[in-house]
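Student: One-letter residues, chain by chain:
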Amino acid sequence: MSRDVAVVGVGYSEPESFTDYRFSTQSKEEQAFTAVTNALDHADIDADDVDATMFCTVDGFEGTFRVERTLEVLGLGNDVPVLSVNTGGTAGGSGVKVAHEYIASGKYDVAVVYGSPSFDSVVEAQPVMNTNADPLFERNFVTAIQMGALPSSGYMEISGATEEDFAEVAAKNYRAGARNPYAHRNEERTVEEILDSPMVCWPLRRAMTCPVSSGSAAMVVVSEDIATDVRDNPVWIDEIDSTSNTFWTGYRTYDWFPKLKELSDQVYENADIDDPLEEFDVAETFNPYIPFEMMEYEALGFCEKGEAKHLVRDGVTDRDGELPVNMSGGTLCTNSGICASLSRHSEVVLQLMGEAGDRQVEGAKKGLSHSWGANLGQFHQMAIFSTER
Amino acid sequence: MADELDPSVQTDAINAEYKYPFHWDLDFSLNIGEDNRKFFEGMEEKRILGKKCPDCGATFVPPQAVCVECYVETDEWVEVEQHGVVESYTACFFEFEGLPEPPYITAAIRVADSDICMLHFIDGIEYEDHDELVEKLHKGTEVEPVWADEREGHIRDIKHWEPVEK
Ligand SMILES: [Zn+2]
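For the record, the sequence lines run as chains A and B. Sequential numbering from 1 applies to the first sequence in full-length UniProt numbering. Sequential numbering from 1 applies to the second sequence in full-length UniProt numbering.
If you are wondering where the hints come from, they were derived from the structure by calculation, not from laboratory data. For every residue, glycine included, the Cβ atom is placed at its ideal position computed from N, Cα and C. Some hints could be false.
As the list claims (entries may be wrong) - The list that follows gives simulated cross-link-like pairs (lysine-lysine, DSS-like), each with its CA atoms no further than 27 Å apart:
(1) B:K136 x A:K309
(2) A:K309 x B:K139
(3) A:K305 x B:K52
(4) A:K305 x B:K136
(5) B:K139 x B:K52
(6) A:K305 x A:K261
(7) A:K261 x B:K139
What the hints assert, rightly or not - Here are some chain B residues the structure puts well away from chain A; computed CB gaps all over 12 Å:
(8) V80
(9) V146
(10) K166
Take these sequences, add in the hints, and give me the full structure.
Tutor: Structure (structure tokens):
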């Protein structure tokens with residue numbers, strides 16, 4: 001048995017909670033209650049009707065191995081499983097996939113996926129992130145920023161993409177973030193300002209890397225009968241899948257994301273997508289380090305390998321372009337925590353519901369979301385959403 | 001442009017009345033297994049060892065116990081040439097806990113004919129800023145190891161790699 005599955009509700013914690021994690025004052029329980037309540041209200045579904053929950057985070061940041069404790073606020077009965085999902089930066093997307101598979105199978109009817117404000121509670125995020133690399137060999141030479149910089153630098157060498165191209169993509173994200181009340185960074189920045197920001201790790205300047213953010217997200221995923229019952233504009237999950245690389249980063253290609261290309265080929269074949277640039281109306285991709293967005297255009301088939309610079313220079317992925325990408329402001333501007341990987345999916349859902357506020361792309365009917373996670377892209381996650389099934 | 005809080009500002013220093021600091025002090029000791037033990041023993045003797053896959057013939061430096069492509073155990077040890085090629089690199093200009101004083105270069109280095117890369121530092125290049133560095137270091141630059149005088153069976157027994165004098 002396999003049933004169609006839809007998203008019927010999306011909720012975030014309060015706009016003010018999308019801030020530098022050091023300014024955050026709410027407890028994890030308070031943020032979870034707000035985001036989950038907002039998602040359930042948006043879906044017009046009672047907490048009593050939820051029959052499975054997925055808690056998504058990266059464990060080390062939470063200061064406990066009982067990370068899923070915050071979902072106690074759902075007030076669930078004895079028979080509701082709370083499943084903890086940790087696949088690094090793809091944890092939120094993996095949570096949606098788990099929810100999708102459970103509901104498609106007929107096992108459950110209503111699932112809540114929750115993306116934690118992971119970073120709230122660390123004093124410094126970098127030493128925790130550093131535990132993500134192999135301890136004997138690789139941890140001695142890198143922290144998270146090098147994991148972003150190594151493929152970015154290699155990509156520049158093979159593609160001819162420039163610092164100015166990266167700054168253009170970043171400026172597009174800042175413009176988008178300025179329209180999003182749930183963006184941590186919500187002021188526009190010019191290409192010049194971005195190129196003036198300090199060089200952290202070649203070729204990544206501070207304004208090209210995500211900050212450490214607070215804020216949480218929740219999503220309500222349901223079976224087909226419930227979807228059409230609770231709202232007129234459910235968003236259907238056409239296809240959702242994930243892939244894994246080795247834990248060791250020594251196996252990676254250091255100049256783009258071939259594993260994501262393999263995944264997107266498979267996902268597009270399953271979903272009958274021939275020309276993603278033409279067929280999608282909106283896309284959200286994982287861009288905590290801004291050059292990733294360009295590598296992702298190529299791996300996601302928006303253009304040939306090495307050609308993303310032309311999409312950027314021609315404005316193809318800007319608001320008024322053929323395929324607006326990251327109209328939320330992306331991971332760069334919205335939230336860098338695990339909420340970020342669920343937000344890629346929730347933002348596409350809001351676009352397809354026509355409820356994305358100032359960031360709405362008019363008439364969006366089909367959208368793509370992607371997330372990237374763990375040490376140098378150990379994981380990739382993709383989903384295709386549609387207004388029709 | 002929007003001002004952002006400096007990375008050096010501690011979270012406890014902001015909205016302190018909402019914070020409850022605690023410390024999680026845990027020690028770990030990993031079992032490294034036979035292959036890693038043997039590799040590090042080689043490092044003490046200034047030798048770089050790899051392992052080969054019996055099915056596809058791939059060489060792994062550092063050694064891998066299993067070829068993930070073929071899903072078979074590697075079985076043949078080889079001592080490889082002390083020569084590497086840079087696949088990608090980055091120079092870091094900010095200080096991070098547990099890493100060297102900036103600036104320093106981290107690279108993915110393909111050692112000898114290895115199918116995988118080793119992450120390590122590159123030094124021995126003079127540069128004032130990134131513009132000067134990118135003129136001097138590239139994907140494909142050949143490098144060789146510089147060994148530490150005191151070695152203790154650790155990946156840092158190689159102090160760093162540096163470009164081969166041509
Ligand atoms: Zn093999």
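Student: V80 (chain B): least C-beta distance to chain A exceeds 12 Å?
Tutor: 14 Å, holds
Student: Starting from K136 (chain B), check that the Cα of K309 (chain A) is at most 27 Å away, please.
Tutor: Given that 27 Å is the threshold and the Cα spacing comes to 24 Å, the pair holds.
Student: Non-interface claim for K166 (chain B): all C-beta distances to chain A beyond 12 Å?
Tutor: 20 Å, holds
Student: Quick one, are K261 (chain A) and K139 (chain B) close enough, alpha carbons at most 27 Å?
Tutor: Holds, at roughly 22 Å.
Student: Is K139 (chain B) within 27 Å of K52 (chain B), Cα to Cα?
Tutor: Distance of about 25 Å is within 27 Å: holds.
Student: Within 27 Å, alpha carbon to alpha carbon, are K305 (chain A) and K136 (chain B)?
Tutor: Distance ~26 Å between K305 (chain A) and K136 (chain B) Cα, so the pair holds.
Student: Below or equal to 27 Å on CA atoms is what counts here, so check K305 (chain A) against K52 (chain B).
Tutor: 32 Å, violated
Student: Quickly compare the C-alpha distance for K305 (chain A) and K261 (chain A) to 27 Å and report which way the hint goes.
Tutor: 10 Å, holds
Student: Please verify that the nearest CB of chain A lies beyond 12 Å from V146 (chain B)'s CB.
Tutor: 15 Å, holds
Student: Compare the distance between the alpha carbons of K309 (chain A) and K139 (chain B) with 27 Å, and conclude whether the hinted pair is satisfied.
Tutor: Holds: K309 (chain A) and K139 (chain B) sit about 20 Å apart, inside 27 Å.
In the structure shown, a violation is registered for the earlier hint numbered 3 alone.
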